[in-house]
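> Protein chains in written order, with my numbering: chain B, 30 to 327; chain E, 30 to 327.
Simulated from the structure, these hints should not be mistaken for lab results.
Predicted model, so just to flag it, every value in this text is computed and none were measured.
Check before you lean on any hint, since a few could be wrong.
One copy or two, it doesn't matter: identical chains are merged, so the pair holds either way.
With a Cα cut of at most 16 Å, we get these calculated EDC-like pairs of lysine to aspartate or glutamate [said to hold, decoys possible]:
| hint | residue 1 | residue 2 |
| --- | --- | --- |
| 1 | K64 | D164 |
| 2 | K66 | D164 |
| 3 | K40 | D67 |
| 4 | K285 | D124 |
| 5 | K128 | D87 |
| 6 | K317 | D123 |
| 7 | K196 | D164 |
| 8 | K285 | E214 |
| 9 | K46 | D85 |
| 10 | K210 | E125 |
| 11 | K66 | D123 |
| 12 | K201 | D87 |
2 protein chains.
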Amino acid sequence: MTVQENHLIQKYFNSLKNEASSISIGIGDDCAEIKSKDTFLTSVDTSLSGTHFPEDLDPFYIAYRSLVIASSDIYAMGGIPHSFLLSITHPNPDDEWFKKFSCGTQEFINDYKVSIAGGDLTQGPLSISVTFFGDPLPRVLKRSNAKLNDHIYITGKIGEGYQGLTKFMDYKPGNNFLKPKVPKELVEPLNPFINACIDISDGLLIDLERICNASGVGAQIKYDKSFVVEGLADLVRGDDYQLCFTANSNHHEQIKKISQDIFCIGEITSSNKVSVFDGGKEINFKTKGWESFSLKNS
Amino acid sequence: MTVQENHLIQKYFNSLKNEASSISIGIGDDCAEIKSKDTFLTSVDTSLSGTHFPEDLDPFYIAYRSLVIASSDIYAMGGIPHSFLLSITHPNPDDEWFKKFSCGTQEFINDYKVSIAGGDLTQGPLSISVTFFGDPLPRVLKRSNAKLNDHIYITGKIGEGYQGLTKFMDYKPGNNFLKPKVPKELVEPLNPFINACIDISDGLLIDLERICNASGVGAQIKYDKSFVVEGLADLVRGDDYQLCFTANSNHHEQIKKISQDIFCIGEITSSNKVSVFDGGKEINFKTKGWESFSLKNS
Numbered sequence: 030m031t032v033q034e035n036h037l038i039q040k041y042f043n044s045l046k047n048e049a050s051s052i053s054i055g056i057g058d059d060c061a062e063i064k065s066k067d068t069f070l071t072s073v074d075t076s077l078s079g080t081h082f083p084e085d086l087d088p089f090y091i092a093y094r095s096l097v098i099a100s101s102d103i104y105a106m107g108g109i110p111h112s113f114l115l116s117i118t119h120p121n122p123d124d125e126w127f128k129k130f131s132c133g134t135q136e137f138i139n140d141y142k143v144s145i146a147g148g149d150l151t152q153g154p155l156s157i158s159v160t161f162f163g164d165p166l167p168r169v170l171k172r173s174n175a176k177l178n179d180h181i182y183i184t185g186k187i188g189e190g191y192q193g194l195t196k197f198m199d200y201k202p203g204n205n206f207l208k209p210k211v212p213k214e215l216v217e218p219l220n221p222f223i224n225a226c227i228d229i230s231d232g233l234l235i236d237l238e239r240i241c242n243a244s245g246v247g248a249q250i251k252y253d254k255s256f257v258v259e260g261l262a263d264l265v266r267g268d269d270y271q272l273c274f275t276a277n278s279n280h281h282e283q284i285k286k287i288s289q290d291i292f293c294i295g296e297i298t299s300s301n302k303v304s305v306f307d308g309g310k311e312i313n314f315k316t317k318g319w320e321s322f323s324l325k326n327s
Numbered sequence: 030m031t032v033q034e035n036h037l038i039q040k041y042f043n044s045l046k047n048e049a050s051s052i053s054i055g056i057g058d059d060c061a062e063i064k065s066k067d068t069f070l071t072s073v074d075t076s077l078s079g080t081h082f083p084e085d086l087d088p089f090y091i092a093y094r095s096l097v098i099a100s101s102d103i104y105a106m107g108g109i110p111h112s113f114l115l116s117i118t119h120p121n122p123d124d125e126w127f128k129k130f131s132c133g134t135q136e137f138i139n140d141y142k143v144s145i146a147g148g149d150l151t152q153g154p155l156s157i158s159v160t161f162f163g164d165p166l167p168r169v170l171k172r173s174n175a176k177l178n179d180h181i182y183i184t185g186k187i188g189e190g191y192q193g194l195t196k197f198m199d200y201k202p203g204n205n206f207l208k209p210k211v212p213k214e215l216v217e218p219l220n221p222f223i224n225a226c227i228d229i230s231d232g233l234l235i236d237l238e239r240i241c242n243a244s245g246v247g248a249q250i251k252y253d254k255s256f257v258v259e260g261l262a263d264l265v266r267g268d269d270y271q272l273c274f275t276a277n278s279n280h281h282e283q284i285k286k287i288s289q290d291i292f293c294i295g296e297i298t299s300s301n302k303v304s305v306f307d308g309g310k311e312i313n314f315k316t317k318g319w320e321s322f323s324l325k326n327s
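Produce the entire structure from the sequences given, and follow the hints as far as they go.
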């Protein structure tokens with residue numbers, strides 16, 4: 030850490046106001062000390078400039094977006110995120126950039142009721158690496174627990190992340206690329222009913238396939254325009270951060286009561302693949318998802 | 030995550046044999062689940078190619094070195110590291126590189142009796158970001174707890190990291206740049222006696238100054254050739270990963286009994302600076318440490 034880096038941390042991160050009470054020792058020492066139950070959930074997620082966000086994106090949204098995406102893995106596992114470590118690699122110590130970035134961090138902290146525990150700052154190509162911590166709910170939701178004949182659900186329409194990307198330069202409210210929507214209010218009420226769960230980061234088909242591979246099952250999706258923004262292409266577009274989960278069909282009514290935004294999109298089968306039917310016709314896709322989210326190629 | 034990245038994780042990281050029993054859910058899901066006491070210690074450390082290690086360093090040592098450095102913060106805080114998340118950014122999916130890197134990871138896991146809990150892989154400029162987790166010992170060692178008249182100690186000679194850097198291309202055993210030595214056996218026996226502690230990563234003077242600033246005290250070092258490899262310059266060279274700690278002078282004999290490698294190098298004063306005396310003469314340094322460890326400028 031350089032003197033300059035120390036100055037940036039003092040000025041823009043020490044002053045952030047935390048919302049969760051999970052931190053017993055925070056920014057400024059060799060480690061953070063975090064309060065815990067018998068177990069904690071944790072996950073790391075790195076967002077690179079030019080790959081996961083455009084290089085010239087307002088630093089407010091670089092912060093907000095990177096933090097939402099990292100927290101999403103905790104929700105997908107059946108947990109409630111409470112704190113995070115933030116590792117920033119930045120090409121030059123730039124007060125203006127860090128000021129905006131710390132404002133985005135503060136807004137995320139307020140919106141998600143979490144705390145910053147610490148982090149580090151190094152000089153190099155722009156990259157944001159976030160390690161998130163969360164408390165597990167009673168049921169920890171593994172990908173490998175989908176059961177034959179389970180219903181498959183998504184917690185909201187897919188395709189909104191991609192729509193937001195096409196218009197991110199407008200910086201208008203409600204843009205799901207700038208501020209991805211994680212269905213955080215649904216995680217606790219849904220927890221008793223879910224068998225397997227994943228967040229849709231790389232595309233519905235590729236992420237659902239991960240559940241199927243881990244569980245040794247297949248899936249059949251009944252395509253319907255009601256659960257996409259644009260059309261069939263939304264099934265292989267990433268960056269939505271809705272949850273895709275499976276549940277026993279007995280729970281269908283209870284699940285539908287939790288939120289009107291939840292769609293039942295198909296069911297788990299004994300095949301070894303994920304297939305999509307539009308009416309009676311099977312649809313074939315060239316790709317299953319955004320295998321590497323490259324803005325350069327879009 | 031691309032299919033290629035998934036293949037690399039399956040092939041080189043899923044097969045690593047863990048040494049600690051702290052992981053309840055490991056690699057392969059949205060999150061890891063880790064067992065914990067009432068609190069856990071955590072810290073993140075990012076090592077960049079060209080800054081923290083030479084670009085052409087054998088990937089075995091890129092792994093080993095990055096992991097030791099990240100674990101060092103847990104020891105410095107009075108903790109025993111047990112597990113870590115590994116976030117790798119790499120320019121191209123290269124089987125040979127990942128094979129060597131995973132061998133270095135396995136050797137570190139064996140040597141330090143820890144476990145890999147998960148991580149991520151992204152495509153971009155080479156960078157290794159490690160989040161470490163540890164159990165706190167009875168006394169958590171904050172930088173801010175140095176007391177007036179405390180003795181100042183280091184757990185071993187300094188300057189060995191720099192010596193290792195000048196000859197890293199030889200890849201000879203005992204090179205402290207390739208395999209930094211963390212005094213891990215000393216952390217538990219020393220714990221009852223330490224007031225404040227830090228690991229010497231950026232240089233003795235700058236790291237001791239961090240203790241002094243956090244504690245509102247000063248320090249006087251009595252320079253002696255016995256605790257350096259080369260000379261006075263070793264006081265401002267980083268990358269040693271020995272611990273620098275303070276303790277009440279009443280504990281001096283107990284501390285010296287723990288290890289012959291421990292040196293008492295000075296004491297905490299009421300001034301507001303760190304000063305160094307060689308015999309009766311005060312020495313002035315142009316820099317206090319390696320403020321940014323750049324191989325390009327060395």
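> Run every hint past the structure and note whether it holds.
Now the hints, each set against the structure:
In this assembly of identical chains, the alpha carbons of K64 and D164 lie at most 16 Å apart whether taken from the same copy (10 Å) or from different copies (11 Å). Taking identical chains as interchangeable, the C-alpha atoms of K66 and D164 lie at most 16 Å apart whether they share a chain (7 Å) or sit on different chains (13 Å). With identical chains, the CA atoms of K40 and D67 are never at most 16 Å apart, being 35 Å at best within one copy and 31 Å at best between copies. With identical chains, the CA atoms of K285 and D124 are never at most 16 Å apart, being 48 Å at best within one copy and 46 Å at best between copies.
Taking identical chains as interchangeable, the C-alpha atoms of K128 and D87 lie at most 16 Å apart only when both belong to the same chain, with a minimum of 11 Å there against 38 Å between chains. In the homo-oligomer, the alpha carbons of K317 and D123 never lie at most 16 Å apart, since the shortest distance is 40 Å inside one protomer and 23 Å across protomers. For a Cα distance limit of 16 Å, the shortest separation of K196 from D164 qualifies neither inside one copy, at 35 Å, nor across copies, at 46 Å. Taking the shortest alpha-carbon separations for K285 and E214, only the intra-copy value of 14 Å comes in at or below 16 Å, while the best inter-copy value is 56 Å.
In this assembly of identical chains, K46 and D85 lie within 16 Å of each other by CA distance neither inside one copy nor across copies; the values are 27 Å within and 42 Å between. Taking the shortest alpha-carbon separations for K210 and E125, neither the intra-copy value of 27 Å nor the inter-copy value of 39 Å comes in at or below 16 Å. For the homomeric pair K66 and D123, neither the shortest alpha-carbon distance inside one copy (39 Å) nor that between copies (39 Å) is at most 16 Å. In this homomeric assembly, K201 and D87 come within 16 Å of each other (Cα to Cα) only inside a single copy, at 12 Å, whereas the closest approach across copies is 47 Å.
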